[in-house]
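These protein sequence lines map, in sequence, to chains A and B. For the first sequence, numbering that gives the first Met the number 0 assigns the number 0 to the initial residue and increments by one for each residue that follows. For the second sequence, numbering that gives the first Met the number 0 assigns the number 0 to the initial residue and increments by one for each residue that follows.
Calculated from the structure, these hints are not laboratory results. Check the hints yourself; a few may be wrong.
Note that the list lumps identical chains together, so a pair holds whenever it fits in one copy or between two copies.
To be verified - Lysine-lysine pairs mimicking BS3-like chemistry, simulated, CA-CA at most 30 Å apart:
(1) 76 to 386
(2) 54 to 96
(3) 240 to 39
(4) 394 to 240
(5) 93 to 281
(6) 100 to 37
(7) 76 to 394
(8) 240 to 93
(9) 297 to 39
(10) 158 to 79
(11) 55 to 330
(12) 161 to 270
Protein chains: 2
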Amino acid sequence: MKMILNPPRDRWQQIIQRPQFRQDNLEETVTEVFNAVKEKGNQALIDYTLLFDNKKMNSLAVSRSEIENSANRIPEKLKKAINLAKANIQHFHKAQKADKKRIETTSGVVCWQESRPIEKIGFYIPGGNAPLFSTVLMLGIPAIIAGCSNIVMCTPPGKNGKIPPEILYAASLLNINNIFAVGGIQAIAAMTYGTESIPGVYKIFGPGNQYVTAAKQMALRLGVAIDLPAGPSELMVLAGKPAYPAFIAADLLSQAEHGPDSQIVCIAGHKSLLIAVEQELKTQLTALPEPIRAVAAKALSNSMLIRLGLKQDRMDFINAYAPEHLIITDKNASFYIKNLLNAGSVFIGNYTPESAGDYASGTNHTLPTNGYARSYSGLNLDAFIKKITFQKISKQGLANIGPAVEIMARAEGLPAHSNAVRIRLNGF
Amino acid sequence: MKMILNPPRDRWQQIIQRPQFRQDNLEETVTEVFNAVKEKGNQALIDYTLLFDNKKMNSLAVSRSEIENSANRIPEKLKKAINLAKANIQHFHKAQKADKKRIETTSGVVCWQESRPIEKIGFYIPGGNAPLFSTVLMLGIPAIIAGCSNIVMCTPPGKNGKIPPEILYAASLLNINNIFAVGGIQAIAAMTYGTESIPGVYKIFGPGNQYVTAAKQMALRLGVAIDLPAGPSELMVLAGKPAYPAFIAADLLSQAEHGPDSQIVCIAGHKSLLIAVEQELKTQLTALPEPIRAVAAKALSNSMLIRLGLKQDRMDFINAYAPEHLIITDKNASFYIKNLLNAGSVFIGNYTPESAGDYASGTNHTLPTNGYARSYSGLNLDAFIKKITFQKISKQGLANIGPAVEIMARAEGLPAHSNAVRIRLNGF
């Protein structure tokens, strides 16, 4: 771990830089796969699944019976845990529904917003060593609350070409039945163009590796919306009194195990606390099983322990970094909450580990990384809806605002805009 | 105008296609300008302003005195009109502020969202034949309500290298003082990278021609957020009884005058109404002054009058098209409002011309075109803020949800996530 003591402000810009992604060399592959999927549809998906995933698939769609049987294939305790998480995520996201407010801006001029679900959406659930069923909950629950009715889910085939039952179980809880065993660039291309089996969608959600990320950028250029630009996951801990180095080290390691490119930063006012955290990290790291230990060790080698003696400096550095996850253990948390500008999700106090938010506190775990918290929100109900504006103007209302419209339209060189008012008010 | 009678559903996909943009041939120019601005800063801006706009600029920043003097250079009537528009837009956008709701998802687990303004934003206000000061209001008012404090505005120099006083006046009403006389690709590049004079920003807002649109796509790839993907403006009118062909024709022409690529569609249940609208269009078109008349005539040549005899077909066609602006004159507007899924902004009744929403009803005129209303909202307060999630868990709260977190984390192959809970609950 790098220990950085009192870095001057002119070094901050360099310190907060995340490693650059090299997306350029992916472009060619992404373009090739997208073109093949556009031309050959399902056959291209089957071909690339053999090429990239080394899985020979006869069909991509997961059968209804396989989805329904998933409940019998996972432990009762895990089902109960998933149900608790589901309830909390539902509770929190339901509260994000906005009331419809009708506003009479001028007498006779009534304006309002109404929310509508995005009709067709697609989820990408990554594969890999473990089934990321929590992501199904984090994408699916707000989508269902928003009213999205056409949901497609793609996830790479696992062992034996099958999708893990945990993922299918989480999907079944949300009545998501349109599931396909296809991953990578080809899955994103399928949801972009549509194939004989997989419907094209208007917006694609979900995390993924650099191939999936590059493919989502391509989808965006082709007119399909995406949830968030992606990057490796991040955790910043602001360690202030009362701080328990063992807790902080456990949180930092929970981030480090995500991958060797995980970004981890611990900030404190006192060097002694940072040294204690570092010591705990060493101890706890050795207790982790391989291969997780090696992954976490690699992530820690890029991570930073930073001393900033002044409270305001700590605050400004957090805002400059814009962390995806921020833990605040300081008893003066309210100062930091009040002045916080840029972060994805915040965990307050010594009993709020980041992993609680990953699964079950109720907040969403799909969050802006790589400094994008400066301009993007984490996933919430807004991501699944559009807000349409409405206005209804009475004849008297138009008489009230019409003359202003006419004057402004003519000043902008748009006489027909003015005429559309005048023709209605003539003789009124 | 094309009259299309009862198109079968299998032709809809073709009918709703907007003309393709050719962005490919712009890429090279955009890349070149971005690289030059990154390397040479202000000097590149001055060079490209001479090359593209044929204006020799010594300085780009607009002086405070020029901004303040703008009020003396425009008619009192226009100032009053702008003030009325400002009040209505403020009224409507202020109502979009969300209350903070604290949710206890499980006993001892409290979660909430807080909104924060995007710290640094940039506005692009197009130049051209007329000063589009209304766009300053539509971008600036929600930004100020959201609390955005660092606003940069770029707009191409007009006659004599000066920015029109109407634009400066609108900006001065909102205390936007960081204004630069630079337009086109180079302006977007400047707000992306920052130069000696122009600060880099986190998000860029505002309309523009195909060069500006391509430049905003480049900014997006470089990590700067943008408001909306852009395309030519659109109006769809659903003409139902009571319908006044003269009003409808005036609305269609107000859209047609925006540019030769404006998209205009009128839908009705009866051919006779479409014929009456067409006749009115011819009459009103001849009354428009040149060069507006030629522009509108060109736009009309691409536009469509469509008869669909069934109410449900009309509804489904509107949703398939996903218009930027939708006027509904039908007395049964509530059916269409209820079933509407995709549109930017909706104008209800015979006294609600689209031009009212462009200027003064209070709704925003920055809206999704080109079918993007299927997945994007028009500009509203959300576009200027991020919603940060917070959670605070008590020791008992962690005991309540911790076991579920541990089970789920282990099932996802993330033991350190489980440890972060266990270490806090040991001995509890």
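Okay, the hints, checked on the actual structure:
1. 76 to 386: neither (40 Å within a copy, 33 Å between copies)
2. 54 to 96: neither (42 Å within a copy, 50 Å between copies)
3. 240 to 39: Classified as neither; 61 Å inside a copy, 47 Å across copies.
4. 394 to 240: Between copies only: 17 Å across, 64 Å inside.
5. 93 to 281: neither (42 Å within a copy, 51 Å between copies)
6. 100 to 37: neither (43 Å within a copy, 45 Å between copies)
7. 76 to 394: Between copies, since 22 Å is at most 30 Å while 64 Å is not.
8. 240 to 93: Neither: 35 Å inside a copy, 39 Å across copies.
9. 297 to 39: neither (41 Å within a copy, 39 Å between copies)
10. 158 to 79: within (25 Å within a copy, 70 Å between copies)
11. 55 to 330: neither (56 Å within a copy, 58 Å between copies)
12. 161 to 270: Neither: 50 Å inside a copy, 55 Å across copies.
In summary, the structure is inconsistent with hints 1, 2, 3, 5, 6, 8, 9, 11, 12 from the numbered list given earlier, while agreeing with the others.
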